[in-house]
Structure formats: C-alpha cells, structure tokens
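Visitor: As they're listed, the protein sequences go chains Z and B.
The first sequence begins at 1 in this note's numbering and counts up one residue at a time.
The second sequence begins at 1001 in this note's numbering and counts up one residue at a time.
Everything labelled a hint here was simulated from the structure, so no lab data went into it.
Please note: incorrect hints may appear among the correct ones.
[Said to hold, decoys possible] Every beta carbon over 12 Å from chain B, so not counted as near; a handful from chain Z, in silico:
(1) Cys59
(2) Cys62
(3) Leu74
(4) Leu96
(5) Gln198
(6) Ala236
(7) His273
(8) Arg302
[Stated by the list, open to error] Below, simulated EDC-like cross-link-like pairs (lysine to aspartate or glutamate); rule was C-alpha separation at most 16 Å, straight line:
(9) B:Lys1159 <-> Z:Glu197
(10) B:Lys1135 <-> B:Glu1117
(11) Z:Lys238 <-> B:Asp1160
[To be verified] Stretches of chain B that chain Z covers, calculated by requiring three or more beta carbons in the stretch to come under 8 Å of a beta carbon on chain Z:
(12) 1064 to 1076
(13) 1119 to 1128
(14) 1152 to 1163
Glycine included, every Cβ here is placed at the ideal spot set by N, Cα and C.
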Amino acid sequence: MKKQGLFIGIAGVAGILLIIILSYTAWNRLDPEYTCMQCHEIRDSHAAWKSSAHASVACRECHGTALSHGFRGLKEKAGMMHSHWFDKKTNRDIYLNESQALAVAARCQSCHQTEYSGWRSGAHATTYEMIFMDEAHNRMEKPYADCFRCHGMFYDGDIHSLMNMESRDPADWHIKDKVQAGRPAITCLACHQMHGEQAVYPAYADLPASERDSLSVKMHRPATALYMRADRRHLASKHLQTVGMQMQDSVITQSADPNARLCMQCHAPDGVHAVASEDDKTPTGMYAGMSCMACHDPHSNRLKNEHRNVHKTASVNP
Amino acid sequence: MKSNRRQFIKQCMLLYGSVLFLPSCRPSAAPVWYSGFTAQEASAIDAICEQLIPADDYPGAREAGVIHYIDKLLYQRFPQHKQTYRQGLAGVEACSQALYGNSFAELTGAQQIAMLELMERGELPARYWPQTTQKAFFELILAHTMQGFYGSPRHGGNKDYVSYRMMKLDYPLLIGQNRYEK
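The whole structure should be built from the sequences, with the hints applied where relevant.
Guide: See the structure below:
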C-alpha cells in the first residue's frame, strides 16, 4: 500500500513537472500574439516590432525567457507580473533600464558582427570612465546631468550617484562603482530603436557574415533614432528637425539625410547654432550639404576616404 | 469512473487534437487596450478630439494619440474624471442617435462639428446630460485634448512630438556643451 502511494506521488510530481516543462517550452515557442501580447503593456511594442526589420526575430531572442538569465531573469519577470497586477502601468510607461539596454546591445552583435566590431574599435565604444574621468575636461566643466544626454543616456541614476565630486580638486573625483566605470556609455540603443519602423530584409540573420556585408551595402541605411533620456523614448531620425546653421551672416546648406540630423544631436553647435562652435561638425564650403555618412563610418566613426579638411573650411570658405 | 485503455487513448486523442483549434483563439487584430473606456467610448473620444484638433499638413489629435493621454490621465492621475467622461459620452451618443440616427463616431465631419458647436454653447437638449452639463464635459475634453496634443509624449499623447514639429519648437534643444562654470 505504501509502495503504491509512493509510486502515485512520484508519478504525480513527474506529471506536474512534465506539464510545466511542456507549457514553458510552448510559451517560448508560440507566436507572441498568444503569449507576450496577452499583457496590454506589451501591445504597442508588439505592433512596432511587427513593422520593424526585426519582425522575424522572436521576442525571446532579445528579451530572453524567464529562466535564461538565472535568478536575475526570474526576478525581472516576477517584477513584470507584479507591475501588471498591482501598478497602474500603461503601454507608454515601459522602458529599459541600463542593464537591459546593455543586454539587448549584447544580443545585437550576434547578428550584426561587422557593425559591432566597427563600434568596438571606434570612439563610440567609450566607457563611463573615459568620459567622466577626463581630468582636463573636468577642470574646464564639472560633470552634470546634461552630460547623460549623449554619454550614458541609459544610466539609471544621476551624476551624484555616478561620481564622487566632493573634493575641490577634480583629480580626486572618481566613479563610485568600478563596474559602472567600465560600462560602455554609448550603446546600440543610443542611435537605434530595435522596434523602429523599417522594411524587412529577409533572412538577414541566416546569412553568412560575408553576405551580410554585401547586403548591408546594397540595402538602404537602417532607420536610426535618437534616444532621449529626458523622455525615456526614441525619436526616429526622420522626425528630427533640421537645425538652421549659420556662419557669420550666411545660412549653411544642410544634408537632407536624417542620419546627419541624428549625429548633430551630440556633435552639437552652441545655442545660436554657429558653425564650428562647441562640438559642431557641420560640413561647409564645397562640402556643405553632405551627410556625415558620406565620409564617416557611423559605428567606428573612421573616415571612409580622405576627407580630412571638411570641417576646417569653416573659417576660410564661406 | 473507470476507463479502460481504449477509452484512455480516445480521451488523449481528443485532448491533443483540441490543440489544433488553438489558432482560432488568435485575436484577428491586436486590440487597442484602454483602461477606462469601451471600444465605442474610445471611438467617440477619438472623433471628438480629432474635430477639436483636426489633421492638416500635420497630423491631428487622432494620429497624435491624444486618446492615450486621456486614458492614462484618468487611469493614473485623475480617476475622478472617469465618471464625467462616462456621463458625457453617454450624452453625446444619445444626442447623436436622436439628432442623426447614428453613433457620433460614424457621423460625417460636418455633422460632428455642428454637434460639437452646439455642445460648446450648451444648446443641445439638456435631457441627454442628466448628471453633468454638456458645457462642462466639452470644456473638460477640450482641455485634455490640448494637453495631450501639446504636452510631452511622456504623458501618453503627442506621438513622435508631432505638435513640437508643427510649432517648429527647437526640440531636442541643441545647446552644445553648456560650460556654465567657465
């Protein structure tokens, strides 16, 4: 009798485990319209994903499953469930924290290896340490909240949670968290919206790397978007306004390429939009009207050809 | 109830076979979710907002997602206005049916404008608004439409900063490196 009870107990537990495993597998494999989209918070993201270049990439590929990130993933998903039932969240209140943005960026490289290696080897792969521990710059300008506009736009805290600036001497300032210091300050999502509206190029992920490169050349430039930290949302580059640039009394012709408007958001002129002021890189003279992309690789920021005098013409060729 | 092996296999086949019907559970189109409105109420609000700020060279209130602003506002911040909306929308629907024999969202643009103009002046039959006045409801939805269209997208409306672009607002503001301590 005891043996029979034990057998039934084991069989019951095994059956429950089997049901859980099957359900979990089915949940992760099914079309998101049956699964993720059951939560109203996800519906906007789902609609955007369907019209994006990543529509063939399953949710789990970037967002993971409940168990794919161990305890952290479980905690995250439990938090989502808690928010769903107990917080008054709407579709528009969902955004990624920095760890999640970095996790997504890490997933980008699995398909976009060429772009990733370009970014990795270029200036845009800068870290918090390189940006915020630049002593010469800190002596000129004390780091403050607006730095995050272009460097560390996904950072979860504020400048005082990032840095200890109690000393009068900038040489003594330091980033409080060493792990944070080594994190990249400008990641993929700074300029790309994963769910951004764009035509789908079939089976990009299934192509070998060499073919992807040639496809990248053939296809139009991917849609870019500015991540606006203050509003915690992306704005597609095509919606960014063309800023009227001036050089003395002249108005400078600007590129119609939306990507150039995106670059300008951080390589920005001063408040009156004077050419060559502050970080401005507006092409002038015979180069006026050219897009940044005509000369620069957007990921590595390297020059594609010999275009080394473009920005110097500001002072000699009105 | 005892079942033999044959019955057990039949029951299993029935159970697993039913999985084939799962695709029929798939929603035909992703329904837009509103916390406080029915689909009919949402259509009416959308139509009213669009008449208050219609599309021209730039998108109007509908495309700017003003209804999402109103929905979020009532859900998170001002649930006390929910009742006013319910009563006001019921009045709009009843009045629309009485005057034109159709739902407000289904009326032509000219009919919608005519009705809203009367409503703004408080000249629609008062019996359709027993618990709130038509003028009060009009002013409330007008204020919310303006807020949703011209406010920051972080509050739910003004999709893709459409009103900022329309007004040529310098946003995001380009000010270079703000060396305030120089």
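Visitor: Next step is simple, just say for each hint if it's right about the structure.
Guide: Hint check results:
1. Residue-level check passed: Z:Cys59 sits 14 Å from the nearest beta carbon of chain B, beyond 12 Å.
2. Residue placement check: Z:Cys62 keeps its beta carbon more than 12 Å from all beta carbons of chain B (closest about 19 Å).
3. Separation of Z:Leu74 from chain B is adequate, the least Cβ-Cβ distance of about 26 Å exceeding the 12 Å criterion.
4. No Cβ of chain B comes within 12 Å of the Cβ of Z:Leu96; the nearest lies about 15 Å off, and the non-interface call holds.
5. Separation of Z:Gln198 from chain B is adequate, the least Cβ-Cβ distance of about 15 Å exceeding the 12 Å criterion.
6. For Z:Ala236, the shortest C-beta to C-beta distance to chain B comes to about 7 Å, within the 12 Å cut-off, and the non-interface label is violated.
7. Chain B draws Z:His273 into its interface by the beta-carbon criterion, the shortest separation being 7 Å against a cut-off of 12 Å.
8. The non-interface label for Z:Arg302 is consistent with chain B: the shortest C-beta to C-beta separation is roughly 24 Å, beyond 12 Å.
9. For the suggested pair B:Lys1159 and Z:Glu197, the alpha carbons sit about 14 Å apart, so the restraint of at most 16 Å is met.
10. With a C-alpha separation of about 10 Å, the suggested pairing of B:Lys1135 with B:Glu1117 holds against the 16 Å cut-off.
11. Under the criterion of a C-alpha separation no larger than 16 Å, the hint pairing Z:Lys238 with B:Asp1160 is consistent with the structure, at around 10 Å.
12. Check on the segment 1064 to 1076 of chain B: 5 of its residues sit with their Cβ under 8 Å from a Cβ of chain Z, so the three-residue criterion for coverage holds.
13. Figure legend: the segment 1119 to 1128 of chain B, annotated as covered by chain Z; annotation inconsistent (0 residues with Cβ-Cβ distances under 8 Å, at least 3 required).
14. Residues of the segment 1152 to 1163 of chain B lying with their CB closer than 8 Å to a CB of chain Z number 6, which satisfies the three-residue condition for coverage.
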